[in-house]
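Peer 1: Based on the sequences and whatever the hints tell you, model everything.
One line per chain: the protein sequences are A and B, in this order. For the first sequence, my numbering assigns the number 102 to the initial residue and increments by one for each residue that follows. For the second sequence, my numbering assigns the number 102 to the initial residue and increments by one for each residue that follows.
Simulated from the structure, these hints should not be mistaken for lab results. Among the hints, erroneous ones may be present.
Unchecked claim - Using 25 Å as the maximum straight-line C-alpha spacing, the simulated DSS-like pairs for lysine-lysine come out as follows:
1) Lys203/B <-> Lys272/B
2) Lys222/A <-> Lys203/A
3) Lys203/A <-> Lys222/B
4) Lys203/B <-> Lys222/A
5) Lys244/B <-> Lys272/B
6) Lys268/A <-> Lys203/A
This structure is a prediction, so every number in the text was calculated from the model and none was measured.
Number of protein chains: 2
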Amino acid sequence: MDRKQIPDIVVGRLPQYLRSLQRMYREGRQVTSSQELGERLGISAAQIRKDLSQFGEFGKQGTGYHIENLIQQLRQILHVDQEWEVAVVGAGDIGSAIVRYKGFTDRGFRVTMIFDSDPAKIGTQIGTFIIQDTNNLVEEIQKAGICIAMITVPAANAQSVTEQLIKAGVKAILNYAPISLNVPRGIFIQYIDPSLHLQRMTYYLD
Amino acid sequence: MDRKQIPDIVVGRLPQYLRSLQRMYREGRQVTSSQELGERLGISAAQIRKDLSQFGEFGKQGTGYHIENLIQQLRQILHVDQEWEVAVVGAGDIGSAIVRYKGFTDRGFRVTMIFDSDPAKIGTQIGTFIIQDTNNLVEEIQKAGICIAMITVPAANAQSVTEQLIKAGVKAILNYAPISLNVPRGIFIQYIDPSLHLQRMTYYLD
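Peer 2: Listed below in structure tokens is the structure:
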């Protein structure tokens, strides 16, 4: 398998497959089919079979997919058979909610540091974390060798924070600030902006 | 223009265009080009021109787009030239952060109610909101005529909340619970799950 050859849209569906499979596994299930996965996800069974076949032979005609095995394979493909440390920049409401969020645990991620530039927040605690000074971001992230970060600062500060993160060696950024960021080639960026999702739906509403 | 004919992937880009244009407008700008928009968004200028041309003639060859006018048109196309009331179900960390979030204001949305099923939370306040009992959700949402909701409850409760929301007349749901939901035709659903975004990036990291 050549990773370069696989369309990003296919890659984007794999985490959805993994999430559904992990849920089935927690429900005590052992075997599933592309039909069942498709129904859960609103994706056609043919599409799921085609996507998975790009990475190898996971299912057998007539017997379906062995859930635990497919989870294992997908975790390897997505590189979440390890736990990635994540830095959060911005200790406002969203940053604080992320730091307390329990949902990363079996997904491959663990928040290990949070930064803010507000002197009133620096040194105070969120849960078990002490909020660190954004001025020390480059040094601290480099020292820890962290390569994933989430940005939850106001839009006006997001680009400069991004540049510091890249300087610190961060390769993947999940940006919650409602602004598009410029990043050089080789840096991955994804966005979370609830208004974009809502507007995509109101288009269809009268 | 026939709304049915326009691919959803095109519709999904319009909110990004609108967000960038609103930002330029706040920066005091009056005119932009598909080139500039494209650079800000990491989308080709040709794609932007093609997307917008599906909805009418917005720019002139050589003079570019009039920002304020294009904002106006996009807000009409996306139906955010009005303000939609939004209900939030789940008053945990994420629900609370959403209720306090200032970013919806010029995007077409206003959170007007929040529900939780925890007796310890019902009747208490988040900001100016009193947390209401999820048991009254159908009645309250119906009475207010709300058709957009966000779900921030644990995964195990998300499907049953979804069914109540649909019963209440909700047509568009933004789901923060890390689970795929089954909804009938005519109900729109979008997902926010940070782990899915992170896994989509770790695929490319060594």
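Peer 1: Give a verdict on every hint.
Peer 2: Each hint tested on the structure:
For the given pair, Lys203/B sits about 24 Å from Lys272/B by alpha-carbon distance, which is consistent with the 25 Å threshold. Distance check on the hinted pair: Lys222/A and Lys203/A sit about 23 Å apart at the alpha-carbon level, within 25 Å; holds. For the hint pairing Lys203/A with Lys222/B, the CA-to-CA distance comes to about 20 Å; that is within 25 Å, so the pair holds. With a C-alpha separation of about 20 Å, the suggested pair Lys203/B and Lys222/A falls inside the 25 Å cut-off, and the hint holds.
For the hint linking Lys244/B to Lys272/B, the alpha-carbon distance of about 15 Å falls within 25 Å, and the restraint holds. For the hint linking Lys268/A to Lys203/A, the alpha-carbon distance of about 29 Å lies beyond 25 Å, and the restraint is violated.
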